[in-house]
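Visitor: Go ahead and model the full structure; you've got the sequences and the hints to work with.
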Amino acid sequence: RRAAIASTLQSSHRRHRTTAQTSPTESLNTIFRQNITMAPSSLLSMACTSLAIVSPSFAFVLPQTGTAKCDPSKTSLTVSNDGGISGTTRRGFMDNVASATAAIAGGSFLLTAPSPAIAYGLNKANDKLASYGLPGLSNVPNGYSALAEIYGKGANRSPLLVAFGFPLDWVVTLPSQDVNGEDGTIQAGEYAKGDTATFFVVPNESKVENIQEKDKEFFKSALIAAISQKGSNIYQDFKIIKAEPITVDKAKYMLVDFKYTLLTGAGFEVERRGVASITSAGDGVQLLWAASIAARFKNKTEGQLRNIIQSFRCYADGLNFSADLRAAVADF
Numbered sequence: 058r059r060a061a062i063a064s065t066l067q068s069s070h071r072r073h074r075t076t077a078q079t080s081p082t083e084s085l086n087t088i089f090r091q092n093i094t095m096a097p098s099s100l101l102s103m104a105c106t107s108l109a110i111v112s113p114s115f116a117f118v119l120p121q122t123g124t125a126k127c128d129p130s131k132t133s134l135t136v137s138n139d140g141g142i143s144g145t146t147r148r149g150f151m152d153n154v155a156s157a158t159a160a161i162a163g164g165s166f167l168l169t170a171p172s173p174a175i176a177y178g179l180n181k182a183n184d185k186l187a188s189y190g191l192p193g194l195s196n197v198p199n200g201y202s203a204l205a206e207i208y209g210k211g212a213n214r215s216p217l218l219v220a221f222g223f224p225l226d227w228v229v230t231l232p233s234q235d236v237n238g239e240d241g242t243i244q245a246g247e248y249a250k251g252d253t254a255t256f257f258v259v260p261n262e263s264k265v266e267n268i269q270e271k272d273k274e275f276f277k278s279a280l281i282a283a284i285s286q287k288g289s290n291i292y293q294d295f296k297i298i299k300a301e302p303i304t305v306d307k308a309k310y311m312l313v314d315f316k317y318t319l320l321t322g323a324g325f326e327v328e329r330r331g332v333a334s335i336t337s338a339g340d341g342v343q344l345l346w347a348a349s350i351a352a353r354f355k356n357k358t359e360g361q362l363r364n365i366i367q368s369f370r371c372y373a374d375g376l377n378f379s380a381d382l383r384a385a386v387a388d389f
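The number in our numbering is simply the position in the sequence shown, starting from 1, with 57 added.
Mixed in with the good hints there might be a few duds.
What the hints assert, rightly or not - Listed below are the simulated DSSO-like cross-link pairs for lysine-lysine, each with C-alpha atoms no more than 30 Å apart in a straight line:
no.: 1; residue 1: Lys287; residue 2: Lys355
no.: 2; residue 1: Lys250; residue 2: Lys271
no.: 3; residue 1: Lys316; residue 2: Lys357
no.: 4; residue 1: Lys264; residue 2: Lys309
no.: 5; residue 1: Lys264; residue 2: Lys185
no.: 6; residue 1: Lys357; residue 2: Lys299
no.: 7; residue 1: Lys299; residue 2: Lys273
no.: 8; residue 1: Lys185; residue 2: Lys307
no.: 9; residue 1: Lys307; residue 2: Lys250
no.: 10; residue 1: Lys316; residue 2: Lys299
no.: 11; residue 1: Lys355; residue 2: Lys277
no.: 12; residue 1: Lys309; residue 2: Lys181
no.: 13; residue 1: Lys181; residue 2: Lys271
Unchecked claim - Per label pair, the in silico range of CB-to-CB distance:
no.: 14; residue 1: Asp294; residue 2: Gly322; range: 17 to 23 Å
no.: 15; residue 1: Gly190; residue 2: Asp240; range: 27 to 33 Å
no.: 16; residue 1: Gly375; residue 2: Gln234; range: 24 to 30 Å
no.: 17; residue 1: Asn237; residue 2: Gln286; range: 31 to 37 Å
no.: 18; residue 1: Thr242; residue 2: Gly375; range: 22 to 28 Å
No lab work stands behind these hints, which were simulated from the structure alone.
Just so you know, even glycine gets a beta-carbon here, dropped at the ideal spot from N, CA and C.
Guide: Printed below as a string of structure tokens:
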């Protein structure tokens, strides 16, 4: 009996020592290997577990970087100096979980979807523009990709050629086609951080001969229509900060700085800053607007967003889109 007890104690000691020597990274790798074929609905649970293993303090305790304030009487988010959401609030924790979930989900996405650098590029965009007899994009910075795409391939929209540059690590989405026509828009973004650039056609607006002669109320109305497509109750405190005219390749644009507060479905308020380029091509008014969380705009993204909207071009007048439209019908 004494020998059996001693053997049992020794075996238990070995198991305890092996477990203690397993690093958080090894434990996380084990979870990934065991869950490599998990259903999408398990991602949130995995994110919570991963945060707790890698850094329990990151998942459940107030970060030590930046500053955070919490006022129980307010529902607004608190943002640290680096533009991230901080604090021990429910929203702060869920933001960390969302980031981890996006990273986990993104691992499988990258295996099947081309990166923006592969699918797009400045040379490809300029070749597309050249095929229509148009000048290439000349003010796209190093470290940026670019696109030149047809918006309006469906019978329910008027076709436009849209081009702009964007950071290499941003993801592009394009309109979808079905039997009813085209839906959606051209957009690029770093979605996990809330940085986006979105093309928008202002509804019920006809051709404007000189967009630079319009007043501030016109631009305010156009931008509110752009940011409130999901409903008029998702924003407040919209304000235009400044507007300035530019002329590129004989086309007139207005560059507009603006800010607003986004109202989330959970009752939080998120301050956002944005910039837009507004023009009139074909038979309507179009714009590209780019925005991010106000703290990120101040500390990181302002230069990026300005580069994007300053590169924006929109064409329609005198262009023959028949070849691209025929190709779209054939693909569908």
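Visitor: Taking the hints in turn, state whether each one holds.
Guide: These are the hints, each one checked on the structure:
1. Lys287 - Lys355: Satisfied, since the Cα-Cα distance of roughly 26 Å is no more than 30 Å.
2. Lys250 - Lys271: violated (33 Å)
3. Lys316 - Lys357: Holds - the C-alpha atoms of Lys357 and Lys316 are around 16 Å apart, at most 30 Å.
4. Lys264 - Lys309: Cα-Cα ~13 Å, so holds.
5. Lys264 - Lys185: holds (25 Å)
6. Lys357 - Lys299: holds (20 Å)
7. Lys299 - Lys273: holds (9 Å)
8. Lys185 - Lys307: Judged against 30 Å, a Cα distance of about 19 Å means the pair holds.
9. Lys307 - Lys250: violated (36 Å)
10. Lys316 - Lys299: Distance of about 10 Å is within 30 Å: holds.
11. Lys355 - Lys277: holds (22 Å)
12. Lys309 - Lys181: holds (25 Å)
13. Lys181 - Lys271: violated (34 Å)
14. Asp294 - Gly322: 17 to 23 Å: With a Cβ separation near 18 Å, Asp294 and Gly322 satisfy 17 to 23 Å, so the hint holds.
15. Gly190 - Asp240: 27 to 33 Å: holds (30 Å)
16. Gly375 - Gln234: 24 to 30 Å: Between Gly375 and Gln234, where Cβ atoms are some 25 Å apart, the hint holds.
17. Asn237 - Gln286: 31 to 37 Å: violated (18 Å)
18. Thr242 - Gly375: 22 to 28 Å: Roughly 23 Å apart at Cβ, these two residues keep to the hinted range, so it holds.
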